[in-house]
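> Sequence:
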Amino acid sequence: MIKLNYLENKRMLVINSDHSNTNNSKIIESSSHPVQFKDSLALISPYEWECKGEVYLININEGFELLKLPIPLMDDESIKAITWVDEHNLLLIIGSLWGTVNIGGDLYSYNIKNKEKKLLKTFPPDVQVTNISTEDNNVKLEGIKYTDNEFNHSIVFIDDVRI
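The opening residue of the sequence shown carries number 1 in this note's numbering; numbering runs sequentially from there.
Treat the hints with care, since some could be wrong.
Straight-line Cα separation of at most 30 Å, DSS-like style, residue types lysine-lysine; simulated pairs [stated by the list, open to error]:
hint, residue 1, residue 2
1, Lys68, Lys38
2, Lys38, Lys121
3, Lys117, Lys38
4, Lys3, Lys145
5, Lys26, Lys121
6, Lys121, Lys145
7, Lys38, Lys3
8, Lys68, Lys10
9, Lys117, Lys52
10, Lys115, Lys68
None of these hints come from the bench; they were simulated from the model.
Values in this document were obtained by computation on a predicted structure and should not be read as measured data.
Can you make the complete structure from the sequences, with help from the hints?
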């Protein structure tokens, strides 16, 4: 069994394992907060500004092994947010790797079994979705909507999508 400690202010995940007689630990720097579904954790790393974030899985019953998911991305894209739908499917926000205006992205699903990525919803340039959560068959999307042509001022954006 492993124990997790996420240090929010350092964006660091510390994993401690009691699988052996000696206490082992692993540190994953520049990581997003992990999201859990049953025995699986998913996280984005690196999770930094203008760094290409990719998704990794950890089975909490099997120790430290990180499995990088082969999610196809364009050269200028990064994964910005993730959440689980069920044990085989993740929801992803994928957006531009560059810039301070393009902080969010569009909504995709990714099946970890058949490695299929599917676009679920696109957003206009003035809407930047930065957070996703699920409850039953509903997806709650949160972010900002720019209110001026210069992309300096914004209001809170919230949307619900049925999957």
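> All the hints need checking, so say for each whether the structure fits it.
Hints, one by one, checked against the model:
1. For the given pair, Lys68 sits about 19 Å from Lys38 by alpha-carbon distance, which is consistent with the 30 Å threshold.
2. About 27 Å separates the Cα atoms of Lys38 and Lys121, which keeps this hinted pair within 30 Å; it holds.
3. Between Lys117 and Lys38, the direct Cα distance comes to roughly 22 Å. Compliance with the 30 Å bound is thereby established for this hinted pair.
4. Our distance criterion of 30 Å between C-alpha atoms is broken by Lys3 and Lys145, whose separation comes to about 38 Å.
5. Under the criterion of a C-alpha separation no larger than 30 Å, the hint pairing Lys26 with Lys121 is inconsistent with the structure, at around 36 Å.
6. Only pairs whose Cα atoms come within 30 Å are accepted, and Lys121 paired with Lys145 is accepted, the gap being roughly 16 Å.
7. Pair hint Lys38 plus Lys3 holds up; C-alpha atoms about 14 Å apart against a cutoff of 30 Å.
8. A C-alpha spacing of about 22 Å is found between Lys68 and Lys10, which places the hinted pair at or below 30 Å, so the restraint holds.
9. Restraint check for Lys117 and Lys52: the C-alpha separation of about 17 Å stays at or below 30 Å, so the hint holds.
10. The straight-line distance between the Cα atoms of Lys115 and Lys68 is roughly 12 Å, inside the 30 Å bound, and the hint therefore holds.
In this structure, the hints that do not hold are numbers 4 and 5, in rising order.
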